[in-house]
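Enquirer: One-letter residues, chain by chain:
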Amino acid sequence: MQNAPFPLWPEQASTFAWQVDALFVYITLICLFFGVGSVAAVIYFALKYREKRRFAVPDPIHGSDLLELTWTGIPFVLALTIFVFGTIVFYQLYSMPADGMEVYVVGKQWMWKFQHSTGQREINELHIPVNRRVKLTMTTEDVLHDVFIPAFRTKADVVPGRYTHLWFEATKPGKYRLYCAEYCGLNHSGMGGWVYVMEQRDFDNWLSGNATSQSPIEAGKELFQAKLQCSSCHLDNGAGRGPKLTGIVGKPVKLNNGETITVDETYLRESILNSQKQVVDGYTPIMPTFKGQVNEEQLLSLIAYIKSLSGDTSGITAAPAASSTSSSSTQGASPPGAGNSNAAGNTQTRTTTGGQANPHAKDGR
Amino acid sequence: MESILTEAQIAAQSSPEAPKLNYLTNGHSVASWLLTRDHKRIAILYLISISVFFMVGGLFAATIRLELLTPHSDLLDPATYNRVFTAHGIIMVFLFLIPSIPATLGNFLIPIMIGAKDLAFPRINLLSWYLYIIGAAFALYALMQGGVDTGWTFYAPYSTTFSNGYVIATGLGAFIVGFSSITTGLNFIVTIHTMRAPGMTWFKMPLFVWAHYATSIMMMLGTPVIAITLLLMVLERFAHIGIFDPAIGGDPILFQHLFWFYSHPAVYIMVLPGMGVVSELISSFSRKRIFGYVFVAFSSIAIAVIGFLVWGHHMFVSGQSVYASLVFSLLTLIVAVPSAVKIFNWTATLYKGSISYETPMLYAFGFIGLFLIGGLTGLYLAAAGMDIHLSDTYFIVAHFHYVMVGGQVIAYLGGLHLWWPKMTGKMYSEFWGKISAMLVFIGFNLTFFPQFLLGYLGMPRRYAAYPEELQVLNIFSSAGATILGIGMLLPVIYLTASLFSKRNAGANPWFLPGLEWRIPSPPPTENFEKTPVVTWEAYDFGKDNGLEIKEAEDFFS
Amino acid sequence: MSAKVEAHGAEHHYHPPGLQHQFDDMAQQKDSTSIGMWAFLAQEIMFFGGVFTAYLVYRAKFPMAFAAGSNHLDVVLGALNTVVLIVSSLTMALTVYFAQKNNRNMQVIFIILTMILGSTFLVVKYFEYKEKWQDGLVPVAGWNHKVSPEEMTAEEHAAPAAGAHKLNAESAAYEASEEFRTKARRGEFRWADSSLARQAEHGHEGKGFLTADEKSGYFTNGELDPQKFESKVRIFFWIYFVMTGLHALHMIIGLGIMAWLLWRAWLGSFSIDYYAPVEISGLYWHFVDIVWIFLFPLLYLLGRHFLAGHGG
Amino acid sequence: MSEHDHSHGHDEPHIVPIPMYLLIFGILMVGTIATYFAALVDLDGVFPGANTLVALGIAFFKMTCVVLIFMHVWYSKRLIWLVVVSSFFCLAIMFAFTMQDYLTRSTGTF
Ligand code: HEA
Ligand code: HEA
Ligand code: CUA
Ligand SMILES: [Cu+2]
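Read top to bottom, the protein sequences are chains A, B, C and D.
Under the numbering used here, the residue at position 216 of the first sequence is numbered 216, and the numbers go up by one with no gaps.
Under the numbering used here, the residue at position 301 of the second sequence is numbered 301, and the numbers go up by one with no gaps.
Under the numbering used here, the residue at position 180 of the third sequence is numbered 180, and the numbers go up by one with no gaps.
Under the numbering used here, the residue at position 2 of the fourth sequence is numbered 2, and the numbers go up by one with no gaps.
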């Protein structure tokens, strides 16, 4: 196939690719049976019974119930076999392994952001080890997108406000195309990239050598000090309009409603997104809410940075919502904004703000 | 019962003179057209309007194919490309294909085929055309202002929040056009129930009428749902309340449910009338009653009913519950069976027929071949496990062009050729007719077959730019589209030319038994001089059909 | 067969008044109009069905928020309107009766009664809408009555921004602004009666009955989040306004039809031989009544018992 | 299917007597009062969703009365029955098949 002027069959690079292809072949055989059969019959009849005299009237034939029954019954049965086969493959593709290597995916107009559970983040590229189950937990910041990797024969939409999942186990090291397959606006066709499948050893190397890009803490620092101007209120000497943030993580903080909470990732997250909700005792609630202004990724960086101010440089391992401050009656309370997230059983660990008011929208059109 | 042909009509059949006063000559003022309540004139109004929109949609298609000649978005930037394919989809679906056969051929023929003077509600029929025009005006306004870029599916939250096209105008346009479709369906249902001539029982009706009956059921029960869905979308976009906005707990997938609840039945609205036409074509040119008439008739109804139960097959990858997906998958595979029944019965009709290769018959052959491919590829998509790979790729694009263009458009062209002499009284050029039918068939396959391969290779749809290795197949496709375009352009030319020719067709150029062939061409305004009394079966070419169809030699010698 | 009436022959045949040219006789015409109307109503059912589906989905997801929203509606006015519509259905049915009895005067009287009742419904609806507008219950930002500083209570002046927020808040600047303060308390989107969610959390004998969606939909870190709760109530009001708005629109169209019918009845057009217009207008009117028969419990009543069972 | 028959001119319409109308009217009023009070009682102790069921049950009953008598379906041809039943059937399909997605979603992917 490599010699053909153009490809005719996509590469098979996942454990279930062959199953999908087998299903394809199976349906193709059925289609050939009916398609070739019907077309051959039409051509044969058309030639054989071509009119002998202009507009001659042949003897009428009214029909045959036996024939009708046959050609209703056979397609019906074959259709059911297609259903069964299709269901088996569907089950393979869409039942998530429990032990998969987790990768978090955030779609955004028009890029893919991946984060490994070890903290590495990549954009429009995904590095994964070969022969290992990988489970994607996916969401989006804005509209629908769709992760599609043809060589793996799988895809799934990402939906704002909730998590969807995808899994695969690559079988061959190599470089495979990644597409966004759900229309998402202007640069939909540009929202693609590559999946790099590597031997485990190479993958480990890649993981450790991936220091070239800015670490979350550095990114957070930049946001805190320059981009979002947090530092204009949160001064290091505690003299600012907001409280000093150094060394607060893991310590209790007293709120103006009398409660005392231990500062953790969730609390930090809430303080940034819904600053008015929990107000530190002795301060006025002047901190603006940053909901809609920081995206999920920036939030992670900010939290990582604030944690580093308390000497915790582990980065973001667990996501805020999972660090169960949840009260007992609401186990699995999902992150804010994840309004209709995948219900209670959803114990996975990243959060998103879901869609926000959107700057692109023009009113009244 | 004696023959219902009047002396004059028999004369008209054998002499090339058209009768003096027919529906075309009965009034020449503009008002006599724009305020007409004659179903035949309304059909002509529709014919003209949808032809215009077909051309516009075709031009957009040409632009798409031109852009896709190269892998990069060089001819159009992505923003424009998105607007172009959206305009193409919306115009072709809402403004062309849905009204195509029902509003033109159906409007013209249903009353005649069942022996009625008009549809039950002529004024509502006219209203339906005006609704169509108003809706189209909204869509055109949006187009002029810069277009919409949501795709014809208007998925939320892109359409409600993020798109900066003219979504509201377009949505309202489609909303209004929806009501034109509802009114047409309503009129057909009532007409078929109450207006049949004496003796015209249900099982004496041509299958064309049966198919339209099934279509009308879907129009009546499905279209209001898209109307309310589009209304909700428009309101949401206007007021940003969040019913489809996940940020506050709304669910974008609800939009998809509501959209496809209509739009899947709509795809059958877009093919059943074509199947009705093909039944007529096959019977006419093999000069036989359709094999298994009753089964073909009921398979239309079965498609209409089961067609309401399968919409979720468009949402296998959307995040819908997997159990729901499986239920929808099963039902989708079941709804394919009645289509199979039709294909087999048509084939069996040819057996021991007396088959002639007139232009309309070539289209019928084309339909069988192309719809087979389109329908069978639907089976791939219906199998949930297969659809995961294929969804939103060019495989889908190829599938639906095979069923919509290869099915309905081809059937529409075939029907237009069959009844052109009846509608206009003129005969077109058989030579050019055959040439164009061949061009369409070849061009069509060249355009869309490579897209199946592209789809399996993983080329996503709605892409302005694509990977380089896929260029060769795309070039085939664009080349095919050129041939297809020429093939589609030819009928416009020679059919128009026939209007000015002297080749009068006569009442019954092909010696067919249907009621419509027993009245002059073009028919008089009241259709029948005297309400006919039907004593013969549908497609009765035999001796006792009340019509002295002499064998052709008598006329040609 | 031979008894068929030729509508448009060369000579003049018997042509009953009101028979349209496309029909052979009155029976055919009457059949056609009534089947046509029923088919139209089938269409209407599916049209409303779309919003009912949305209602169903969201109510299944967020019953407590819907209950809270429902409790904001004026159940007395709702019940009043139900009664008004049922009476109007009776008067409409009697109109048909008197048309069949060839009684012109009674027809006219009952059409007028029907119209009066229909208008009453709309007036009541108007006051309900106005109340919603004043209470800031309209789910569209900026479409509510702005509480002016003069209208505000001392309490409201004292704590303008405490815990205050606006959905989709763009910035703190907004929250600090004059405009925002004037909306506080009774302003827009202040409808969260989250006690219901709290109650559902604890439920009967400690068995909470929040749905899975509610658990993630109302709470932030285990804390009841009024803002999130409100956004679900907002969905309720959105559906409330779409449903009742479409219904009111149908009422208005119905009144138009009634006016036309009144005119025709006044002229004495209807009799036992020809009353199809009365009949099918009646069908339409009853249909609109039926829609309300469902809207009333769905919007006004479901969820009331939560208040009853737990003392509010 | 019931058909319009060309052979007879007018089929006599059935005139529903006034007492019948009043009876239905009475039922509707009673139904309205019943829903109102049923809604104020907490029936969830009986079984969850009892309130909803009662409210919708009464509404359905009221609707049936209106359709059958006020709208004369009881006295109409089979075709009218068919139209009524099939449109509600279609609505039921929309509800049921949409909800089958929502109600099974929380179980996750298989
Ligand atoms: C005229 C329009 C039309 C018609 C008739 C059909 C007919 C069918 N369609 Fe198609 N379809 C579309 C128009 C149409 N479709 C469109 C426009 C889209 C894309 C929308 C978008 O996203 O933009 C689409 C998308 C689409 C999808 C969604 C894909 C996706 O987005 O992921 C699916 C999935 O099941 C599907 C299936 C089918 C099936 C099973 C049939 C069946 O009805 C076909 C039945 C016919 C046959 C099967 C052939 C004859 C049978 C035999 C010869 C016997 C052998 C049969 C058996 C063994 C059963 N279609
Ligand atoms: C009835 C429906 C219909 C019809 C007839 C067609 C006809 C054609 N379509 Fe269409 N198509 C759709 C419905 C239809 N399409 C839909 C619903 C979509 C999805 C949109 C979306 O994703 O939202 C789509 C999308 C679509 C795509 C995919 C775009 C993308 O996903 O990026 C492509 C690409 O090749 C395409 C090509 C064509 C071609 C080549 C034709 C040809 O068959 C057209 C041939 C006809 C002509 C060329 C016109 C002939 C007349 C002239 C040429 C006259 C010239 C005029 C003057 C001289 C004044 N179509
Ligand atoms: Cu993202 Cu398409
Ligand atoms: Cu479909």
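Don't take each hint at face value.
Said to hold, decoys possible - Restraint ranges, calculated between C-beta atoms of paired labels, are given here:
1. A:204 with B:59: 51 to 61 Å
2. D:81 with B:59: 23 to 33 Å
3. D:60 with C:252: 21 to 31 Å
4. A:283 with C:134: 50 to 60 Å
Bear in mind the hints are in silico, worked out from the structure with no lab data behind them.
Keep in mind it's a predicted model, so treat the numbers as computed, not measured.
Even for Gly, the Cβ is constructed at its ideal location relative to N, Cα and C.
Enquirer: State for each hint whether it applies.
Expert: Each hint, compared with the structure:
{"no.": "1", "hint": "A:204 with B:59: 51 to 61 Å", "in the structure": "56 Å, holds"}
{"no.": "2", "hint": "D:81 with B:59: 23 to 33 Å", "in the structure": "49 Å, violated"}
{"no.": "3", "hint": "D:60 with C:252: 21 to 31 Å", "in the structure": "27 Å, holds"}
{"no.": "4", "hint": "A:283 with C:134: 50 to 60 Å", "in the structure": "35 Å, violated"}
Hint compliance for this structure: hints 2 and 4 are broken, all remaining hints hold.
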